[in-house]
Each structure stands twice: as C-alpha cells, then as structure tokens.
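Number of protein chains: 2
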Amino acid sequence: MNHGYEFVDDEVVMNVWAPKIKDMMVLRVKDGVKFPMNGSSGGFKSANVRLPPGERYYFLADGQRIPDPASRFQPDGISGPSEIIKNDYEGVKKWKTYDLKDAIIEEIHIGTFTKEGTYESAEKMVDHFVNLGINHIELMPLNQTYGTRNWGYDGVFIFAPSYSYGRPENLRRFIDTLHENNINVILDVVYNHIGPFGNILGILGDYFSKSYINPWGQALNFDGPGSDAVRSFILQNVKYWIEEYKFDGLRIDATHAIFDSSPVHILKEISTTIKSLEHKLGRKIKLIAEDDKNDSAIVDRLEDCGYGFDASWNGDFHHSVHSYLTSENRGYYEDYGNFTDIIDCLKNGYLYNGKYSKYLRKTRGTVFAGSRRKLVVFDSNHDQVGNRAFGERPVSLVGDLKARLFAAIVLLSPFTPMLFMGEEYGETNPFLFFIQTEDNEFANIVRNGRMNEFKDFSWNGNIPDPSSIESFDKSKLSWKLTDNRGKQFIEFYKKMINLRKRIVSDKYSVSSENNVIRIDYEKASVYISFSDKQQIIKQGPKGTRDETAIDPFSILVQDT
Amino acid sequence: MNHGYEFVDDEVVMNVWAPKIKDMMVLRVKDGVKFPMNGSSGGFKSANVRLPPGERYYFLADGQRIPDPASRFQPDGISGPSEIIKNDYEGVKKWKTYDLKDAIIEEIHIGTFTKEGTYESAEKMVDHFVNLGINHIELMPLNQTYGTRNWGYDGVFIFAPSYSYGRPENLRRFIDTLHENNINVILDVVYNHIGPFGNILGILGDYFSKSYINPWGQALNFDGPGSDAVRSFILQNVKYWIEEYKFDGLRIDATHAIFDSSPVHILKEISTTIKSLEHKLGRKIKLIAEDDKNDSAIVDRLEDCGYGFDASWNGDFHHSVHSYLTSENRGYYEDYGNFTDIIDCLKNGYLYNGKYSKYLRKTRGTVFAGSRRKLVVFDSNHDQVGNRAFGERPVSLVGDLKARLFAAIVLLSPFTPMLFMGEEYGETNPFLFFIQTEDNEFANIVRNGRMNEFKDFSWNGNIPDPSSIESFDKSKLSWKLTDNRGKQFIEFYKKMINLRKRIVSDKYSVSSENNVIRIDYEKASVYISFSDKQQIIKQGPKGTRDETAIDPFSILVQDT
Numbered sequence: 001m002n003h004g005y006e007f008v009d010d011e012v013v014m015n016v017w018a019p020k021i022k023d024m025m026v027l028r029v030k031d032g033v034k035f036p037m038n039g040s041s042g043g044f045k046s047a048n049v050r051l052p053p054g055e056r057y058y059f060l061a062d063g064q065r066i067p068d069p070a071s072r073f074q075p076d077g078i079s080g081p082s083e084i085i086k087n088d089y090e091g092v093k094k095w096k097t098y099d100l101k102d103a104i105i106e107e108i109h110i111g112t113f114t115k116e117g118t119y120e121s122a123e124k125m126v127d128h129f130v131n132l133g134i135n136h137i138e139l140m141p142l143n144q145t146y147g148t149r150n151w152g153y154d155g156v157f158i159f160a161p162s163y164s165y166g167r168p169e170n171l172r173r174f175i176d177t178l179h180e181n182n183i184n185v186i187l188d189v190v191y192n193h194i195g196p197f198g199n200i201l202g203i204l205g206d207y208f209s210k211s212y213i214n215p216w217g218q219a220l221n222f223d224g225p226g227s228d229a230v231r232s233f234i235l236q237n238v239k240y241w242i243e244e245y246k247f248d249g250l251r252i253d254a255t256h257a258i259f260d261s262s263p264v265h266i267l268k269e270i271s272t273t274i275k276s277l278e279h280k281l282g283r284k285i286k287l288i289a290e291d292d293k294n295d296s297a298i299v300d301r302l303e304d305c306g307y308g309f310d311a312s313w314n315g316d317f318h319h320s321v322h323s324y325l326t327s328e329n330r331g332y333y334e335d336y337g338n339f340t341d342i343i344d345c346l347k348n349g350y351l352y353n354g355k356y357s358k359y360l361r362k363t364r365g366t367v368f369a370g371s372r373r374k375l376v377v378f379d380s381n382h383d384q385v386g387n388r389a390f391g392e393r394p395v396s397l398v399g400d401l402k403a404r405l406f407a408a409i410v411l412l413s414p415f416t417p418m419l420f421m422g423e424e425y426g427e428t429n430p431f432l433f434f435i436q437t438e439d440n441e442f443a444n445i446v447r448n449g450r451m452n453e454f455k456d457f458s459w460n461g462n463i464p465d466p467s468s469i470e471s472f473d474k475s476k477l478s479w480k481l482t483d484n485r486g487k488q489f490i491e492f493y494k495k496m497i498n499l500r501k502r503i504v505s506d507k508y509s510v511s512s513e514n515n516v517i518r519i520d521y522e523k524a525s526v527y528i529s530f531s532d533k534q535q536i537i538k539q540g541p542k543g544t545r546d547e548t549a550i551d552p553f554s555i556l557v558q559d560t
Numbered sequence: 001m002n003h004g005y006e007f008v009d010d011e012v013v014m015n016v017w018a019p020k021i022k023d024m025m026v027l028r029v030k031d032g033v034k035f036p037m038n039g040s041s042g043g044f045k046s047a048n049v050r051l052p053p054g055e056r057y058y059f060l061a062d063g064q065r066i067p068d069p070a071s072r073f074q075p076d077g078i079s080g081p082s083e084i085i086k087n088d089y090e091g092v093k094k095w096k097t098y099d100l101k102d103a104i105i106e107e108i109h110i111g112t113f114t115k116e117g118t119y120e121s122a123e124k125m126v127d128h129f130v131n132l133g134i135n136h137i138e139l140m141p142l143n144q145t146y147g148t149r150n151w152g153y154d155g156v157f158i159f160a161p162s163y164s165y166g167r168p169e170n171l172r173r174f175i176d177t178l179h180e181n182n183i184n185v186i187l188d189v190v191y192n193h194i195g196p197f198g199n200i201l202g203i204l205g206d207y208f209s210k211s212y213i214n215p216w217g218q219a220l221n222f223d224g225p226g227s228d229a230v231r232s233f234i235l236q237n238v239k240y241w242i243e244e245y246k247f248d249g250l251r252i253d254a255t256h257a258i259f260d261s262s263p264v265h266i267l268k269e270i271s272t273t274i275k276s277l278e279h280k281l282g283r284k285i286k287l288i289a290e291d292d293k294n295d296s297a298i299v300d301r302l303e304d305c306g307y308g309f310d311a312s313w314n315g316d317f318h319h320s321v322h323s324y325l326t327s328e329n330r331g332y333y334e335d336y337g338n339f340t341d342i343i344d345c346l347k348n349g350y351l352y353n354g355k356y357s358k359y360l361r362k363t364r365g366t367v368f369a370g371s372r373r374k375l376v377v378f379d380s381n382h383d384q385v386g387n388r389a390f391g392e393r394p395v396s397l398v399g400d401l402k403a404r405l406f407a408a409i410v411l412l413s414p415f416t417p418m419l420f421m422g423e424e425y426g427e428t429n430p431f432l433f434f435i436q437t438e439d440n441e442f443a444n445i446v447r448n449g450r451m452n453e454f455k456d457f458s459w460n461g462n463i464p465d466p467s468s469i470e471s472f473d474k475s476k477l478s479w480k481l482t483d484n485r486g487k488q489f490i491e492f493y494k495k496m497i498n499l500r501k502r503i504v505s506d507k508y509s510v511s512s513e514n515n516v517i518r519i520d521y522e523k524a525s526v527y528i529s530f531s532d533k534q535q536i537i538k539q540g541p542k543g544t545r546d547e548t549a550i551d552p553f554s555i556l557v558q559d560t
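Heads up: the sequence lines are chains X and Y, in that order. Once you know that position 437 of the first sequence is 437 in this note's numbering, the rest is easy, because the numbers rise by one and skip nothing. Once you know that position 404 of the second sequence is 404 in this note's numbering, the rest is easy, because the numbers rise by one and skip nothing.
Be aware that one or more of the hints could be misleading.
Heads up, simulated DSS-like pairs for lysine-lysine below, C-alpha to C-alpha not over 27 Å straight-line [said to hold, decoys possible]:
| id | chain 1 | residue 1 | chain 2 | residue 2 |
| --- | --- | --- | --- | --- |
| 1 | X | K268 | Y | K358 |
| 2 | X | K210 | Y | K210 |
| 3 | X | K101 | X | K507 |
| 4 | X | K22 | Y | K358 |
| 5 | Y | K210 | X | K355 |
| 6 | X | K355 | Y | K22 |
| 7 | Y | K275 | Y | K239 |
| 8 | Y | K358 | X | K20 |
| 9 | X | K268 | Y | K268 |
| 10 | X | K355 | Y | K20 |
| 11 | Y | K239 | X | K355 |
Hint data in this document are derived by calculation from the structure and do not stem from the laboratory.
Using the sequences provided together with the hints, build the complete structure.
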C-alpha cells in the first residue's frame, strides 16, 4: 500500500500507516471539514477525500493534529498543514545522462548557494556550471527539517522539499533547467535516522527501531515488528524523488549507520529498486553511498554478494591529502598525515583496507578491487568544511596554491571527483554548521554537542553559534567570480576539468619521487608536485624524453 | 594476541585484553604474591608468571579483584578465583564423524540429565544412546554462569565449563567416552550476549556494543572501537572448545541476535574459522545456527553470499505440528495451526519463507532451496518445553500416542532430527526454567520477567519459581526406562531411528489425503496419520498395490 495520497479522478486516496492510532481523520484546513479514515490492511488507514491540488490538510490522530508523515510539501514548515501537490507538468522529457567515468560533481546547499537561497536563484547559476564543465549537481538534503535554516540532515518529512528554498514547482523547474543544460542532478537522502525535532512518526506506528542506536536521531525500523511498512515508506521515497522530480540519482547519507538484519538489507532493496526504475524509465540512475566502513561490498554487484551501488565516498583520500597539506593530526586526522598515504590511496582506493585504525580503535575496511571510478573523492565537502569549528575551506587553511593542488589531484585522480560549491572560484567564505529553531533548549543542546565534538580537534572555547543567523549568512557564497583571483581559479578549474575529460582512464599506475606524484594514464602522464622546491622530473618512459623542472605545488601533464 | 594463558616451559604467559585498566596484576591465591602485568599491543596486558596447572589466581584490575575473563575453570563459581587448567591428556585420537544425512541428535542439559547432574554420571548413560542409535549429543551451554543451576544462557566466563557439572577433566573424559562409542558431541555456545550477572568484561574494555540492544544481556561489540579484540575473544573460544575438548561442532545460540555491521560478519568469520579447523584437525566439524529469521543464507555457502553454516534450527516445523496437535494458538503459535502448515513445511523447509507473520508483524523468511538436511527439527527442545510456564513435554500435552506421532514425523522427515533428553522413553517430568542466585532482587526480576512473558500465552498467576530448588529437581530425568511404557517408547524410538537410517533420502516428495501425510522417499513411502479415524490408503504408486487401513495417529511404511 502506498503512503500519502494518489489522485483518482477529482479526489485523492489518502493513506497513512498508523497502526497505533484508533481514530484517524483528515482535516481540511480551509473549512475545518473532517474526513474519517477507515482501517485498511497492515495497519494503514485510508480515505477518499476531496482535496484538490493546493488544498491544505492535517491529520487528526486520536484527536492530535499532525501533518501527513508522507507530506509532499509543508508550506509553513513542520508544524503547519500539509499541502496537496500534483506534479503533473511535463517539462523536459529527454536529457543526457552520464557514465561515472565522465562525471564531474559539485555538491551544493541550496540555502547558501545564492544570496536568496532558493531554487529560483540557483537556477540562474546554471551557466556557471556549464562554463566550468560540471555535469552533475549533488543537492544536500531537501527534506523538510525544523526551522528555516538547516543542512538537511535533520529531516522529518522525507517527501517534502523544504519550503525555505521555494515551492515544489520551483524545484521541478530548477531540475528541468539543469537537464536542459545536460547537467544531471543527484539528491542527498537520509535514511539512517529521522531528525530529532518535529518527528511525529513515532506517534503513528513502529517507524523506529528498538534494536539499534543511531547517534543523530532515532534509527528507522527496517527489521522489527511493523518493518514492512517502514521499508515501503523508504522505497517509495526512493521512487518518488526519481519519478516525480526526475532526479538522476541519490546519495544515501551514512550507509554505515543503516542497520538492518533482514535477509535482504534495505540498502540492497534500494539498489534493486533503482535498477527496476532504470529499466522502467529508460535512463541511468546513480546510487552513491556515504560509507565510512571502507567496505568495498557497497559497490560490488548484487550477484557478487555486494550492495550494488554505483559509487561510494572515499574519505581516506581527502583525509590523506588534507592531513599532509595542513599537518592537522587531531581527531580522525590522527590516522593520516604521511605522504605515502596519498600514494597508497591512489594505488589502492582505500588507505584503510584492512589496516588497524588508531582513531577508530579497530581494523577498518576491505581491499578495494573495483574500478576506481566507483570512489567519489573531494578536496572539501559539507562535512569536511562544515564540521570544522570555524568552517574553513582549504584555501583558508593552506592558501590558494596548495588548495588548487588539492583540487588538481582530485580532478586528475582515477576516482570520480566532487567539488564543493564555490571552491572553483576560490571562495573564502566559510561553510558553517547552522540550524534554526525557536526552541532555545534544543539550540543549546546542539551547540554544546558541537563544542564537545571539537574537543578532539582542540577547538575549545567559543565557536560560532549554529543557531545564529550570522552562521547562516556567513556561509553564503560570495560569487566573487570576476576579480583577478576568481578568474584565475575558474581558469584553473576549467583546465583541470578539461584535462580530466581528455586523459583520465580506468587503466593507470602511480609512482612518486621527491614528493612528486606521477599518475600514468593511457593518454598522458600527470605530475603533481607536493614538494616545496623545484624538482627535476623525467618525463615519459625512462630516458625517452628530456628532463623537465616542475615548480613547487604545481601540475604538469605530458601526453604519452 | 591470545586471551588467557599459554604454557611456556614451567611458566604461563598470561594475557588479558583490558585497555580500560592502568594497573593490572595477577594475584596468586595460595600466597598472595602479585605479578605485575605489562602493557602490550592493542590494549592487552601480559605477564610471565609461575602458575602451574591447578594453581588458583585472580586479576587485580586497578586494585579490583576479579577472575580471568578467559578463565578456563572457576572451581568456586563466578566470584571465586580462576584455576590454571592444562588439558594435556591425550585420550581418544580417532573417532567416527558423521555427515548430516546420518545425524540423529539428542539435546541434553548436564545438570538435569542425571540425578547427580554431572559429566561423570552422564557418562554412565552412553550405552543408552548407543542402544537407541543416537549418534550426536548436543550439550546445552556449559559456560560458567552465576549460581549452580542454570540453563547456561547466562554465561559470563565463556571459556570455563561450569563447576557444577564437574571438573574440566571430567568433561574431557565424558567426551572421550562418547567418542569411543562413535557418538559426536556438539556444544551450544552463546555469542549474542553475556549473562547479566557476574559479568566483569565491561570493567576491562569495550567488550560490549554501544549500537545494539540485546534483550537478554549486553551485546558483544563486534564492530565498534575495540572490536578486534572482542572478535578474537570469540574466535578463540570457537577454536578452544573444538581443539581442547574435541567437540565435533557448535550450536550458536540466537544467531539472529548477533549484530555486526563489519564487512565480514562475525558469523561468517566463525564459519571460516571452523573450516580452517576442519582442515587442520582432519575431522568434520558441524556448525549449527539457531536462527529465527528463517534466512536460508545462514546455510548457504560463503561463496554463494551465505554464512556457511551446516544447519539451522527450524522452529516452523515444530510450531506447525505442535500447534495442530495441541490447538494452542497463543503467542507465536498464532502463526500456526493449520494442517496444511505441516505439509508446507515438509515441502518447503520453512513455512514462513517470505510470508507475513501476524505474530512478528512483518514479512518473515526466505525461500529455502538447500538440502532439507540443513534444517534441524524436533518435537521438543529446551526452549519449546522449558519456556512454557509449566515446562510440559508433548506427552503431557497430547498424550503418548500423539507425542510418538510427533516424534515419528521428526524422525522420518527429510530434515535432521533432534530429540530432547528423555523423550525417547516417554519422560513425563517437566523441564522448567531454573536459576540459582543469592541475589533475591535479581531472582525477582527473573521471575517477574517470565510471568510477564507468559501473559501472551495466558498463563497468568503462579508459575514455578525459577530460583527454587524444586524447579531444578523436578526437571531432572526420572530414567523410567524399564516399566512397560518406558520399554514401549524405547522400542518405538529405536524403530523410527532405524527406519530413518534405512529409508530417508535427500530426494523426496510430500502429499496428503484425509489428514494422512505421505512422504515418498526413494526406498520407501512413509504414511503418518494425523486423522482420528482409521483411514484407507493406497500404497505405492497408484493401483500397483492393495488398499491398506492406517490407524488413527499411527505410522505405516511401505518399501518401494
């Protein structure tokens, strides 16, 4: 049975999984009319109700007024009514989709991507991506969270794109415009927990696990009593974003924190669902994991006992380069910092591929035998920047030259590169952690939680207050594209992106000498110097070409 | 690094994983001499100490006197010292091992198997098994629990065979005698939790998971910080029982409650360990799961994405027959009760093979495609009898005739049969849940917990007190073998066991008519009548033989 509503003639069939509720009604907001819902199979309640698109409604759950857990829009946020949304506008029918080998991703947060923080204003920046050669946009989670400012990982209405960024039709148009420009769009979705605030699911049924503890909120119940409906809630969500909004893929947040001991893990079922959607819709849909277990099974095929994802984030590569360039060694960076870590990562995919991690105090990871394209790498992302006390980007930590070197090794690596919004023009504004809530107590808990977290990194004392408007405003991109520095950055990124598209192949080998990393692809050799001195390198196969000098922290490419 | 001690010349090298402890010492009991332990790799503490076999010792963990977590014997129970055990007596070197297809198992609880409740007295009963044709004994957990009377699932020293049953050398001798009589011995081990009482592991290190909730005690930490040492603690335990005591296999308790999100699940690593032990020792070692997920992956080969176990308990078969014969429909029996359930089970292995379970409120199980020998079935076992408020066996619930019918369908099924001690001579003594503890508060918690549990089955009011000596004494076998009824039972079981050995084949088909189940094996057809009337059956392939009458609740076998 579906969650939420379906249109049948001029009515909607409204369903909700609410086995804990005896008396369930739909309340039409405009006139207060109540439509009683009938018990249906498996703990669902159903009603046919006259609610045209645009109409607002609540549920009355044993008298308690709550929004629809499968709400497709909360025009006034988490405490307001739900709105009936009909996405029947046709839009772009065909657009180009890409193989992983051609993917250049940029991660963006709609709220801070532009001054206005809306889909509509983001849409105006599409030329910027086209100009750069970026062909994938990955949106941080859109699902409705408490308040107006949030990274998106506190979502409580997982079908409702946040009202802060615009209306559903604005999101549709934004995606259409990207598609018209041959840019694919990936959505970050959070299935490992539900936000701690405004979460009404527990009132209705066993949406949450009694066996598993998630550090960020209640873990969804994928294997306990009632789990069939929770699984279908999530699988329907997967289909919904892909079909209704035409997303080209999903990035699943913290897959390592999705616990399920069912015979078929929910991640495998998501993978199967994606494959059947691909078949149905006739387009490639990418499934990307954020997996910190370094478990290569996540990208192994289902038939090879894997989870069948297309790709997985590779934190090791970021941490290795970051720690080496910054000399940071607190928190999880204690596991990194040697130059050889970068080489190992380039060669093997994971650095921790069965090695003991001091930070985690356990053996971490598996050997990674798949195509290196299946690992997504980055010099920064929302976590690596925003989960620093002061939200500094690489440019602010190591300066422009080394930050560009970091970007170069990402873009010229055998992995799939992902940029973080703004880095391509050398953005220096931070990306801070921010929330907005009317609840002071909750705001304090969040702030203290973060202060505590940063102890590990010895960032004691005052950190920017997550709930202040300043933390949000400061995180907005400046869009300083046109000054000299901005132009230089843009040119550099364009050059690297074009180079990548031309030369990076699945076949490669890696070596190094005097802190200069050499990656030999089929078409060219790439030299990336981490040396602070000029170094002499021998180009091409030994002895076949003259020696050349490479400047400190620079890149040199020699066609084969 | 090994947990516990190893003998090196006339000393032992004593190791303990105790990263939480700063100052660790070994305390020799006889003279109070303290041996300081040195920090070693990965949170281990080590010392070479002069402790000959038989010597008693404690650990002093930052001054706190505790037994060795890897103690091999607690001669005075959980609060007393540990004793150095050297199992260097050679004993039987070669004995017969069996394929699953030849296995007839009997589950026994040493404490109640004989009046004395010891290995030594159990050893005297070996002829009884030989006489019956039973070739596998499965021992309920031996590991040291609090108190003197316990089923064994509250173990806190998983390397220490309980002192209530005798000394380690008595256990060795018992196993040797069984081996001399060509009987294999399987040990029930508990790796899903550690008993709630007397558990000192948490003092020493992160032995317990912070992510998973186990209903019976703390869940072991197989994937969090510190988990390497916990995994090795368990894997060493697997090897220990097999190598030191020559067990022929392990039955892993509640595998469905062993949570591990590591790349390689601990159950798969146990399976791999068993396979390498088989190779090393040159004998077949059986690995049996108690899995209530009905997930056939547990017995699929590792290379087929399975867990590689030899067999798994099949509760569905028991519940189907039990519920049909008794008309019980409370608690989990609500999912059973139709005659067709028995047929479905016989045909498909699991009844819940992807069907919705009302009791569990979720879809349960997978299709079972493997050999039916990989499912262990029973008409009763410690749980099915002992987890009833009054511990009644089938004979007490449905009478001798139907109880024997139940045994017959178990023994003549295509599955692997397991008896519960005493049923073979029609034991009418109950098998109750019992514990012993000096702690009244804890005893009350246990008693109230059970009363609560039995609400489901509408067994309200007074149930036998688990901590009373009566509950234990009443559960002891009566050994009424020689009266008429006893003799009749024994003859019946012998006949069924011999029949099984002669006729049951992997190839079979199942049909039924008028409540008579027919199982066609290659060598014979078996008719098992659940009808309360005499029925006429057509023997053999249709029309080839005369019609025959089958009495109510009886068995008829016709060679092909």
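Hints, one by one, checked against the model:
no.	hint	verdict
1	K268(X) - K358(Y)	holds, 25 Å
2	K210(X) - K210(Y)	holds, 13 Å
3	K101(X) - K507(X)	holds, 12 Å
4	K22(X) - K358(Y)	holds, 19 Å
5	K210(Y) - K355(X)	holds, 22 Å
6	K355(X) - K22(Y)	holds, 26 Å
7	K275(Y) - K239(Y)	holds, 11 Å
8	K358(Y) - K20(X)	holds, 16 Å
9	K268(X) - K268(Y)	holds, 19 Å
10	K355(X) - K20(Y)	holds, 23 Å
11	K239(Y) - K355(X)	holds, 24 Å
Figure legend: structure checked against the earlier numbered hints; every hint is met.
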